[in-house]
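**Student:** Please put together the full structure from these sequences, using the hints given.
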Amino acid sequence: MFVTELRFECFADTSIEAAEKAINNFLEALRANGQVLGREFAVAFNDGEFRVRLLTPERSSLANRHNSPWVKVALNGLTEAKILAPREKFIGQDINSEASNTEKPSWQLLYTSYVHMCSPLRNGDNLLPIPLYHIPATFNGDHKRMIRWQSEWQACDELQMAAATKAEFAAIEEMSTTGSDLFRRGWDLRGRVEFLTQIPTYYYLYRVGGESLSAELARPCPKCGSHDWKLEAPLLDMFHFRCEPCRIVSNLSWDHQ
1067 MFVTELRFEC FADTSIEAAE KAINNFLEAL RANGQVLGRE FAVAFNDGEF RVRLLTPERS
1127 SLANRHNSPW VKVALNGLTE AKILAPREKF IGQDINSEAS NTEKPSWQLL YTSYVHMCSP
1187 LRNGDNLLPI PLYHIPATFN GDHKRMIRWQ SEWQACDELQ MAAATKAEFA AIEEMSTTGS
1247 DLFRRGWDLR GRVEFLTQIP TYYYLYRVGG ESLSAELARP CPKCGSHDWK LEAPLLDMFH
1307 FRCEPCRIVS NLSWDHQ
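Quick note on my numbering: the sequence shown kicks off at 1067 and runs consecutively.
There could be a bad hint or two in this list.
As the list claims (entries may be wrong) - Okay, the calculated beta carbon distance ranges per label pair:
hint	residue 1	residue 2	range
1	E1164	I1082	34 to 42 Å
2	G1276	A1230	17 to 25 Å
3	N1130	F1235	43 to 51 Å
Said to hold, decoys possible - Below are the DSSO-like pairs computed for lysine-lysine, each with C-alpha atoms no more than 30 Å apart in a straight line:
hint	residue 1	residue 2
4	K1087	K1148
5	K1087	K1138
6	K1210	K1170
7	K1138	K1210
8	K1138	K1148
9	K1296	K1170
10	K1289	K1210
11	K1210	K1155
12	K1138	K1170
13	K1155	K1087
14	K1289	K1170
15	K1232	K1289
It is worth saying that the hints were derived from the structure and are not from the lab.
From the three backbone atoms N, C-alpha and C, an ideal C-beta is built for every residue, glycine too.
**Tutor:** Here it is in structure tokens:
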């Protein structure tokens, strides 16, 4: 991933409120399309211009060819707020993040965690994140629903990792069962992505707990009940189960590894 600075200059008199609204709308549009990563953006005003540093999946993430309809409208909104189109300054590669996928996957999956800021769509061959703007828009011109699902999954993951409140158990229920709202929304998104890309796309179902290692090895697919989903060797040293009809991958319970 890469760090880029955007600079916004005013070409006529405007107000801080108008500039703030237009810039934040533009940044949110980029985020909803997967062109920038993260949830919060510190926009600084100094020497008559606004500046913000962004984390992007690729060096070319902010190229116009990747813009969604919302990003294009937001660019017009900058003009209406008397702000020029942003100037880019490439800062460099982020040393604390993953590289983005560059190869066409033979299969892919929805996978994230509370420590990951990258795309939740991963190449199944190498687990590298696939920039969302490289696939057709999932809903309404961009990937806002995918980003929202990722935020919800990460919130649940952070709760269960903290293990400090009763909310931990509700979070684990959302992440690890096929009857949860989180699973339903994510599994539907998975199907949408598979339809758009024509690439087999799976959903990662988190697994923790369980009675014993032997019980874990014998557990069936929680969606269809099949026992044929146990793999001879784990995929990517992580996924011990894969159900082809249900498009689900899962791990051996973290409590018994």
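**Student:** Against the structure shown, which of the earlier numbered hints fail to hold, in ascending order?
**Tutor:** none
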